[in-house]
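Visitor: Now for the letters of each chain:
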Amino acid sequence: MSLNPFDLTDQTVVIVGASSGIGAATARLSSQLGSHVILVSRSMDKLEAVRATLPHPENARSIAAGYLDRDALNAAFSDVGSIHHIVIPAVANENKKRGAFTALPVDTMRASFDKFWGQTFVVQALGQRIVQGGSVTLFASVAGLKPSGADSGLSIMNGVQAAVMQTGRSLAIELAPVRVNVLAPGVVLTSVWTSEPRGDLKSWMEKSLPARIAGEPEHIAQAAVSLMTNRYITGAVLPVDGGLQTT
Amino acid sequence: MSAVTDTQRVLILGGSGRMGRATAKAVIERGGTAILVGRDAGKLSRVAGALGDKATAVVADGNADGAISNLVTSEQPDHIVVAVSASARASDIPGTSADQAKRAFGRFWISYAAVQAAASLPSHGSITLLSGSSARTPAPGYGVWSTLHGSIEALARAAVIEIAPVRLNVVSPGGIDMSPDRQLVPRAGTADDIGQAIAALIYNPAITGAVLDVDSGERKGTWSGD
Chain Y
1 MSLNPFDLTD QTVVIVGASS GIGAATARLS SQLGSHVILV SRSMDKLEAV
51 RATLPHPENA RSIAAGYLDR DALNAAFSDV GSIHHIVIPA VANENKKRGA
101 FTALPVDTMR ASFDKFWGQT FVVQALGQRI VQGGSVTLFA SVAGLKPSGA
151 DSGLSIMNGV QAAVMQTGRS LAIELAPVRV NVLAPGVVLT SVWTSEPRGD
201 LKSWMEKSLP ARIAGEPEHI AQAAVSLMTN RYITGAVLPV DGGLQTT
Chain G
1 MSAVTDTQRV LILGGSGRMG RATAKAVIER GGTAILVGRD AGKLSRVAGA
51 LGDKATAVVA DGNADGAISN LVTSEQPDHI VVAVSASARA SDIPGTSADQ
101 AKRAFGRFWI SYAAVQAAAS LPSHGSITLL SGSSARTPAP GYGVWSTLHG
151 SIEALARAAV IEIAPVRLNV VSPGGIDMSP DRQLVPRAGT ADDIGQAIAA
201 LIYNPAITGA VLDVDSGERK GTWSGD
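First to last, the sequence lines map onto chains Y and G.
Per this note's numbering, residue 1 is the first one in the first sequence, and the count goes up by one each step.
Per this note's numbering, residue 1 is the first one in the second sequence, and the count goes up by one each step.
Worth flagging that the hints you see were computed from the coordinates, not collected in a lab.
These figures come from a predicted structure and were not determined experimentally.
Note that the Cβ used here is the ideal one computed from N, Cα and C, for glycine as well.
Keep in mind that the hints are not guaranteed to be accurate.
Claimed, not checked - Derived DEER-like restraints, expressed as beta-carbon distance ranges:
| no. | chain 1 | residue 1 | chain 2 | residue 2 | range |
| --- | --- | --- | --- | --- | --- |
| 1 | G | Val59 | Y | Thr9 | 36 to 44 Å |
| 2 | G | Asp6 | Y | Ala100 | 41 to 49 Å |
| 3 | G | Asp65 | Y | Ala49 | 57 to 65 Å |
| 4 | Y | Asp10 | G | Gly49 | 32 to 40 Å |
| 5 | Y | Pro57 | G | Asp65 | 51 to 59 Å |
| 6 | G | Asp40 | Y | Glu48 | 51 to 59 Å |
| 7 | G | Gly42 | Y | Ala49 | 31 to 39 Å |
| 8 | G | Met178 | Y | Asp45 | 22 to 30 Å |
To be verified - Heads up, simulated EDC-like pairs for lysine to aspartate or glutamate below, C-alpha to C-alpha not over 20 Å straight-line:
| no. | chain 1 | residue 1 | chain 2 | residue 2 |
| --- | --- | --- | --- | --- |
| 9 | G | Lys54 | G | Asp65 |
| 10 | G | Lys54 | G | Asp92 |
| 11 | Y | Lys146 | G | Glu29 |
| 12 | Y | Lys202 | Y | Glu216 |
| 13 | Y | Lys96 | Y | Asp79 |
| 14 | Y | Lys207 | G | Asp6 |
Stated by the list, open to error - Sample of chain G residues facing chain Y (criterion: CB under 10 Å; computed from the structure):
| no. | residue |
| --- | --- |
| 15 | Glu29 |
| 16 | Thr33 |
| 17 | Val59 |
| 18 | Ser69 |
| 19 | Pro122 |
| 20 | Ala164 |
| 21 | Arg187 |
| 22 | Thr208 |
| 23 | Ala210 |
| 24 | Val211 |
| 25 | Val214 |
| 26 | Asp215 |
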């Protein structure tokens, strides 16, 4: 038995949104720690490209499915047995949901909740396969704890983050003994942020955040593994934001 | 996290207690050095000896003026963990005299002195405090401890922006080695669970200002198992 308290040997970890960014980083770390990784996103090509970069690609498989169709998710997992952990860092184009509140189209506001529904559907479709001691890690944002600024255009999206947090804490109660926790990242240098013309985010973070560090997908992956592997953590909300919420 | 090793030095106040020892195990597993600090020389050297050559013991009283700052100067740690336990009798607020409560608050003042000392850690450094689940889920009979745990979280909230870029986090443990009647998962919490959570915060350079509940969703019942 490994003495490493973050060990994942022979545990099955399902990562929904594994084709890039935080999901791909979580897949790499989980693979390194000995787990069987199941990579999930819409694009089989992208998943297979990530799988090839894993420390143990032979101990991983890819399943192409979108997280907004619960029945399709169920069908896609029909030949998967029990699983230990589910991690859901999938993003639903959050920055495309930005806009001044007074002018936000109804469709955009409704689509903001894709992030909430997608995670909910994953847990409904797959939660019953989780073994004793297993866990679900949902993804909100630190903006669910502290709203972003007046010009961020994220007033609705911030509400979605808070909804994910409170539903996560509720599911920790309802689905126990399955553990359910919520990660609340701050700004992370992934394509979600860096594809947008948002100035030099990296130098802003290194200058302004209390931890003086730019958030990287690996930081979030490390926190996700910490929550997965600690059998005494459930119902927790963990900010991983360089201290953004304290500023 | 597994293949990653680092040789950072972690100063653990309350190093011979069960939380301190569990933290030291997690640090050593990662390749680091644990510097155990406590007042009881015999107990400290027994614990350090059992942990192997990556653990060293330093006898000191964290309550003494300047003691923790001196340790930072002499031991050159990268990180500090405050895992001291209170040797005080305290219970509910109406039934606990101010003098008794002040003794329980010795843990707050050691945390305060440690945060002050942490301000002079290297910029990649961190300090981790321990509060307790009663900080935000009070139970009758534990009012003094609830207040103590809440005060440690308030200290952290205020200090995190004052000691930046040194990171400051809090682990809030639930009942440890007790019958899990307040927990969502029917499994007693262990000191190793707390040690793992402390390591998770020490080694993640993007986490500061966090309070991590390690209490299995503790929320109801009694601590006595009745």
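Visitor: Determine for every hint whether it applies to the structure shown.
Guide: Consistency of the hints with the structure:
1. Checking the proposed 36 to 44 Å range against Val59(G) and Thr9(Y) shows it holds: the Cβ atoms sit about 39 Å from each other.
2. The hinted window of 41 to 49 Å between Asp6(G) and Ala100(Y) holds, with their beta carbons roughly 46 Å apart.
3. Roughly 60 Å separates the CB atoms of Asp65(G) and Ala49(Y), a value that falls within the hinted 57 to 65 Å.
4. Under the hint 32 to 40 Å, the C-beta atoms of Asp10(Y) and Gly49(G), about 34 Å apart, fit the expected range.
5. A beta carbon spacing of about 58 Å between Pro57(Y) and Asp65(G) agrees with the range 51 to 59 Å that was offered as a hint.
6. The beta-carbon spacing between Asp40(G) and Glu48(Y), approximately 58 Å, falls within the hinted interval of 51 to 59 Å.
7. For Gly42(G) and Ala49(Y), the hinted distance range of 31 to 39 Å is not satisfied, since their beta carbons lie about 58 Å from each other.
8. In this structure the supplied range 22 to 30 Å is violated for Met178(G) paired with Asp45(Y), their Cβ-Cβ distance being about 51 Å.
9. Restraint check for Lys54(G) and Asp65(G): not satisfied, since their Cα atoms lie roughly 28 Å apart, outside the 20 Å limit.
10. For the hint pairing Lys54(G) with Asp92(G), the CA-to-CA distance comes to about 41 Å; that exceeds 20 Å, so the pair is violated.
11. At roughly 36 Å between alpha-carbon atoms, Lys146(Y) and Glu29(G) are farther apart than 20 Å, so this suggested pair is violated.
12. Using a Cα cut-off of 20 Å, the hinted pair Lys202(Y) and Glu216(Y) holds, with the two alpha carbons roughly 10 Å apart.
13. Taken as a hint, the Lys96(Y) and Asp79(Y) pair is broken in the structure, with Cα atoms around 35 Å apart against an allowance of 20 Å.
14. This hinted pair does not check out: Lys207(Y) and Asp6(G) have alpha carbons roughly 26 Å apart, beyond 20 Å.
15. Hint on Glu29(G) holds. Least Cβ distance to chain Y is approximately 5 Å, under the 10 Å limit.
16. Look at Thr33(G): its Cβ only gets to about 16 Å from chain Y, farther than 10 Å, so that hint breaks.
17. With a cut of 10 Å, the hint placing Val59(G) at the interface with chain Y is violated, because the nearest CB-to-CB distance is about 28 Å.
18. For Ser69(G), the suggested interface contact is broken, since its CB lies about 22 Å from the closest CB of chain Y, more than 10 Å.
19. Interface restraint check: Pro122(G) against chain Y, minimum CB-CB distance 12 Å, threshold 10 Å, status violated.
20. Given hint, Ala164(G) at the interface with chain Y, holds; its Cβ is 4 Å from that chain's nearest Cβ, closer than 10 Å.
21. Hint status for Arg187(G): holds, given a least beta-carbon distance of 6 Å to chain Y, under 10 Å.
22. Taken as an interface hint, Thr208(G) checks out: its beta carbon lies about 4 Å from the nearest beta carbon of chain Y, inside 10 Å.
23. Given the 10 Å rule on beta carbons, the hint for Ala210(G) holds: about 5 Å separates it from the nearest Cβ of chain Y.
24. Using the Cβ-Cβ criterion of 10 Å, the hint placing Val211(G) at the interface with chain Y is satisfied: the shortest such distance is roughly 9 Å.
25. Because the smallest distance between the Cβ of Val214(G) and any Cβ of chain Y comes to about 5 Å, under 10 Å, the interface hint for this residue holds.
26. Interface restraint check: Asp215(G) against chain Y, minimum CB-CB distance 7 Å, threshold 10 Å, status holds.
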